[in-house]
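S.K.: Let chain Z serve as the given structure and place chain B on it in line with the hints.
What follows is the residue order along each chain.
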Amino acid sequence: MTAPGNVLVWAEHEGGAIKDPTLAAVTAAAKLGAVHVLVAGEPGEAQAAAAAAAKIAGVDKVLLAADAAYAHALPENVAPLAARLMAGYDAFVAAATTTGKNVAPRVAALLDVMQLSEVIGIEGEGSDRRFLRPIYAGNAIATVESSDATLVLTVRGTAFGKAAAEGGSAAIEEVSGPGDAGLSSFVSLDASKSERPELTSAAIVVSGGRALKDAATFEQVIVPLADKLGAAIGASRAAVDAGYISNDYQVGQTGKIVAPDLYIAIGISGAIQHLAGMKDAKVIVAINKDPDAPIFQIADVGLVGDLFALVPELTGKL
Amino acid sequence: MKVLVPVKRVIDYNVRPRVKADGSGVDLANVKMSMNPFDEIAVEEAIRLREKGVATEIVAVSIGPAKAAETLRTALAMGADRAILVETPEEIGSAVEPLAVAKLLKAIWDEERPGLVVMGKQAIDDDSNQTGQMLAALTGRPQGTFASKVEVAGDHVTVTREVDGGLETVKLALPAIVTTDLRLNEPRYASLPNIMKAKSKPLAVRSPADYGVDIAPRLKVLRVAEPPVRQAGVMVGSVDELVSKLKTLGAVA
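Respectively, the protein sequence lines represent chains Z and B.
The first sequence: position 120 = 721 (the working numbering), numbered continuously.
The second sequence: position 125 = 129 (the working numbering), numbered continuously.
Looking at chain B on its own, in the form it has when it is part of the complex:
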């Protein structure tokens, strides 16, 4: 079974994002970029499926600027077999909206006919949490979102989902789309020999126009601002002071 793994190049999760002074967005100049952490988990899951003999080929896909090729090389170094970069114009870069990404992935789905798509539940830059669900809608296939456990058996995949009230398990007909949550697995680090080997793995570069998909944004970002800053309050020296302060604030009776 072929497994398709979409990955996104985003600001490294250890970097604190800074809003640009002109309010036009978050400053990404000279900022460390990495693979979206949820997508790393997706790549890892695909590799584990191959190690179990379920997956036969892992195709990593990224939709973004030319530099997203680095993210794909990371996926290849982890263990993906080949990669497809759908390169977006410089002015759009990584800001392709989930709906457009889902349409491009649908076009790639039609070409590649994967048995399973494993992808991050959301990207940590725009936090949309939409693309997997949208791809499932466009392909007319079932979705197992926020997965903490994935088991493929025969023509079904059983997905345990992290939901607000606990853990929900659903059974989905293959092919299906699975989106990963944090506790699905711990991604491996690429070894140096595998990083070297990844350089010679195939990486195809395409454009959105190749797939006939219009990536013009539907949403217009008018302004990006820092969130309201909370003022630090007072430090107290004892539990008694804490209790009396809480009573003054009306926080406890």
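Only chain Z is shown next, with the shape it has when bound in the complex:
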């Protein structure tokens, strides 16, 4: 790939607003070249989202594909649209969210490109460009270069700062694609409703583990502290598997990757798979009754004791 090139960022949007992981994807894409953003969605919502995308600092152009077929980001419909547009681009970038991970590999295969997944760092320029990505559940970091003429990557939002949502004034160009492939349809979204900040972008996360005993206790102990701090709630895989809370709260390699300013781990032992999801938090606090719990090896502040006494006390004193 010759630098500087043109990069197409596939935008995730909701209610006419661009989602935070896409803002981070714009930051990553800017390291590769001039950034254009593809907003595909149903008419109305897509136009609003395109207007929002045009204001993102550092975006040169917005491609708008308004078609009911592109609602709900069905990859069978979106990937052929993106692949066709890629004729004019050197790289395709999507956020490494469940939506981005669903769409980007389908685009990559249509382009006969080997995707770079979950990129956390971009180094070097032009033919010397290298990408960093975690492998083995974050137990190793691979530095990789690609021989493909076109790049397709998903980027981990927590590894790149968010581009400013305001400040740009990109032109919006309407594009169209093949539309509905007739292979798939959206049935429903059972959204976990929450007044809290979104887990992956929250400044503070209060997370509970298996030691919370059951769903009612989890709520009694974790919720008041999270409320006090205006924090998002997270959970270990053990807590999710035990049914204390639903799976979209799971922090870890197989769940959400978070990097808040403050992460409070309560009754979480610190399995490798959990650590992979939160070890980039600025400050980690651990409260656990087991002084040998691995979580204490990475915590900035540790407190050993009975969480059922300590957490309510902490909630009262903050």
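Read the hints as simulated data drawn from the structure, not as lab findings.
Note that the Cβ used here is the ideal one computed from N, Cα and C, for glycine as well.
Careful, some of the hints might be misleading.
What the hints assert, rightly or not - A few chain B positions that, by computed beta-carbon distances, are all more than 12 Å from chain Z:
{"no.": "1", "residue": "K6"}
{"no.": "2", "residue": "A33"}
{"no.": "3", "residue": "P69"}
{"no.": "4", "residue": "D214"}
Unchecked claim - Where chain B lies over chain Z, by a calculated footprint (3+ residues, C-beta under 8 Å):
{"no.": "5", "stretch": "633–639"}
{"no.": "6", "stretch": "658–672"}
{"no.": "7", "stretch": "739–751"}
{"no.": "8", "stretch": "806–814"}
As the list claims (entries may be wrong) - 20 Å max Cα-Cα, derived DMTMM-like pairs, lysine to aspartate or glutamate:
{"no.": "9", "chain 1": "Z", "residue 1": "K890", "chain 2": "B", "residue 2": "E245"}
{"no.": "10", "chain 1": "B", "residue 1": "K224", "chain 2": "Z", "residue 2": "D713"}
{"no.": "11", "chain 1": "B", "residue 1": "K224", "chain 2": "Z", "residue 2": "D729"}
{"no.": "12", "chain 1": "Z", "residue 1": "K632", "chain 2": "Z", "residue 2": "D621"}
{"no.": "13", "chain 1": "B", "residue 1": "K251", "chain 2": "Z", "residue 2": "D862"}
{"no.": "14", "chain 1": "Z", "residue 1": "K890", "chain 2": "B", "residue 2": "D244"}
{"no.": "15", "chain 1": "B", "residue 1": "K224", "chain 2": "Z", "residue 2": "E796"}
{"no.": "16", "chain 1": "Z", "residue 1": "K918", "chain 2": "B", "residue 2": "D244"}
{"no.": "17", "chain 1": "Z", "residue 1": "K829", "chain 2": "B", "residue 2": "E245"}
{"no.": "18", "chain 1": "Z", "residue 1": "K829", "chain 2": "Z", "residue 2": "D781"}
{"no.": "19", "chain 1": "B", "residue 1": "K71", "chain 2": "B", "residue 2": "E55"}
{"no.": "20", "chain 1": "B", "residue 1": "K201", "chain 2": "B", "residue 2": "E48"}
{"no.": "21", "chain 1": "Z", "residue 1": "K880", "chain 2": "B", "residue 2": "E230"}
{"no.": "22", "chain 1": "B", "residue 1": "K224", "chain 2": "Z", "residue 2": "E724"}
{"no.": "23", "chain 1": "B", "residue 1": "K224", "chain 2": "Z", "residue 2": "D691"}
{"no.": "24", "chain 1": "Z", "residue 1": "K632", "chain 2": "Z", "residue 2": "E724"}
{"no.": "25", "chain 1": "B", "residue 1": "K201", "chain 2": "B", "residue 2": "E74"}
{"no.": "26", "chain 1": "B", "residue 1": "K175", "chain 2": "Z", "residue 2": "D791"}
{"no.": "27", "chain 1": "B", "residue 1": "K153", "chain 2": "Z", "residue 2": "E724"}
{"no.": "28", "chain 1": "B", "residue 1": "K224", "chain 2": "Z", "residue 2": "E746"}
{"no.": "29", "chain 1": "B", "residue 1": "K224", "chain 2": "B", "residue 2": "E94"}
{"no.": "30", "chain 1": "B", "residue 1": "K249", "chain 2": "Z", "residue 2": "E796"}
{"no.": "31", "chain 1": "B", "residue 1": "K175", "chain 2": "Z", "residue 2": "D781"}
{"no.": "32", "chain 1": "Z", "residue 1": "K918", "chain 2": "B", "residue 2": "E48"}
{"no.": "33", "chain 1": "B", "residue 1": "K251", "chain 2": "Z", "residue 2": "D842"}
{"no.": "34", "chain 1": "Z", "residue 1": "K632", "chain 2": "Z", "residue 2": "E774"}
{"no.": "35", "chain 1": "Z", "residue 1": "K829", "chain 2": "B", "residue 2": "E74"}
{"no.": "36", "chain 1": "B", "residue 1": "K175", "chain 2": "Z", "residue 2": "E643"}
{"no.": "37", "chain 1": "B", "residue 1": "K251", "chain 2": "Z", "residue 2": "E914"}
{"no.": "38", "chain 1": "B", "residue 1": "K224", "chain 2": "B", "residue 2": "D31"}
{"no.": "39", "chain 1": "Z", "residue 1": "K632", "chain 2": "Z", "residue 2": "D691"}
{"no.": "40", "chain 1": "B", "residue 1": "K203", "chain 2": "B", "residue 2": "E48"}
M.R.: For chain B alone, coordinates are given in the frame of chain Z:
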């Protein structure tokens, strides 16, 4: 309906991977290897589909070194009917990239004409999370990724997907590709009689060249390193100390 289940031989998920001192990769010598956990869930789901009368034949496929035959025997012991090993050269081993794996699976798809492919959402070694989506693209079929529920009815499959905002349900025309997430099911253990029986089930060995697929890697791994190590901080003895420490760190107001 025939169900195709691709499985990968990977480091056992209970083993902590060690990066080689020369930075060339992760040390897999004398390390316990097992079936990728997401693929076990895929095998289990296929068996449950047969128990419901939806699947009639389960074909397990692995692309990897000769030893991947052991992984296929595990799938056969769980309940798959037959297996295909696409054996890769020793120097490439399990490091075949998702794009090449998807191309080989496409070739097998063309031969076998399955009604459904069920496979893990990602392998726990390279964590790419690509192969299912790529196979769907190459076959021009729909994909239900990160599945926590799979229901086949008539010429469609309804898949509930674990997405960032909750659970999304999509309806896909068959044939389709489904990738499994952790909560889809709990895989069964193979019984001793079934392990014995699996030894006589058919296992065909092929090569990438048989399918005319170039498996040369597109990506070059320059270096593999340990992630930056976080320093352990301080232990405090009380909630008061904890609060004052958090204030010093500027973590709370």
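S.K.: Verify the proposed pairing of K224 (chain B) with D31 (chain B), using a straight-line Cα cut of 20 Å.
M.R.: With Cα atoms ~18 Å apart, K224 (chain B) and D31 (chain B) stay inside 20 Å; holds.
S.K.: Regarding the pair K251 (chain B) and E914 (chain Z), is the alpha-carbon distance no greater than 20 Å?
M.R.: Given pair K251 (chain B), E914 (chain Z) holds - Cα atoms ~16 Å apart, limit 20 Å.
S.K.: Please verify whether K153 (chain B) and E724 (chain Z) have alpha carbons no more than 20 Å apart.
M.R.: violated (40 Å)
S.K.: What's the verdict on K632 (chain Z) and E774 (chain Z), does the C-alpha distance respect the 20 Å limit or exceed it?
M.R.: violated (23 Å)
S.K.: Would you check the hint for K829 (chain Z) and E74 (chain B), treating anything up to 20 Å between C-alpha atoms as holding?
M.R.: violated (53 Å)
S.K.: Taken at face value, is the distance from the CA of D691 (chain Z) to the CA of K224 (chain B) at most 20 Å?
M.R.: holds (19 Å)
S.K.: Quick one, are K201 (chain B) and E74 (chain B) close enough, alpha carbons at most 20 Å?
M.R.: holds (14 Å)
S.K.: Within 20 Å, alpha carbon to alpha carbon, are K829 (chain Z) and D781 (chain Z)?
M.R.: violated (47 Å)
S.K.: Tell me if the straight-line CA distance from K890 (chain Z) to D244 (chain B) falls inside 20 Å.
M.R.: holds (17 Å)
S.K.: Just to be careful, I want the Cα atoms of K224 (chain B) and D729 (chain Z) compared with a cutoff of 20 Å; is the pair within it?
M.R.: holds (12 Å)
S.K.: Hinted pair, alpha-carbon criterion (20 Å max): K829 (chain Z), E245 (chain B). Please report holds or violated.
M.R.: Holds, because 19 Å separates the two Cα atoms, which is no more than 20 Å.
S.K.: Going straight from one Cα to the other, do K224 (chain B) and E796 (chain Z) come out at no more than 20 Å?
M.R.: violated (44 Å)
Checked against the numbered hints given earlier, this structure breaks hints 5, 6, 8, 15, 18, 19, 27, 30, 32, 33, 34, 35; the rest are met.
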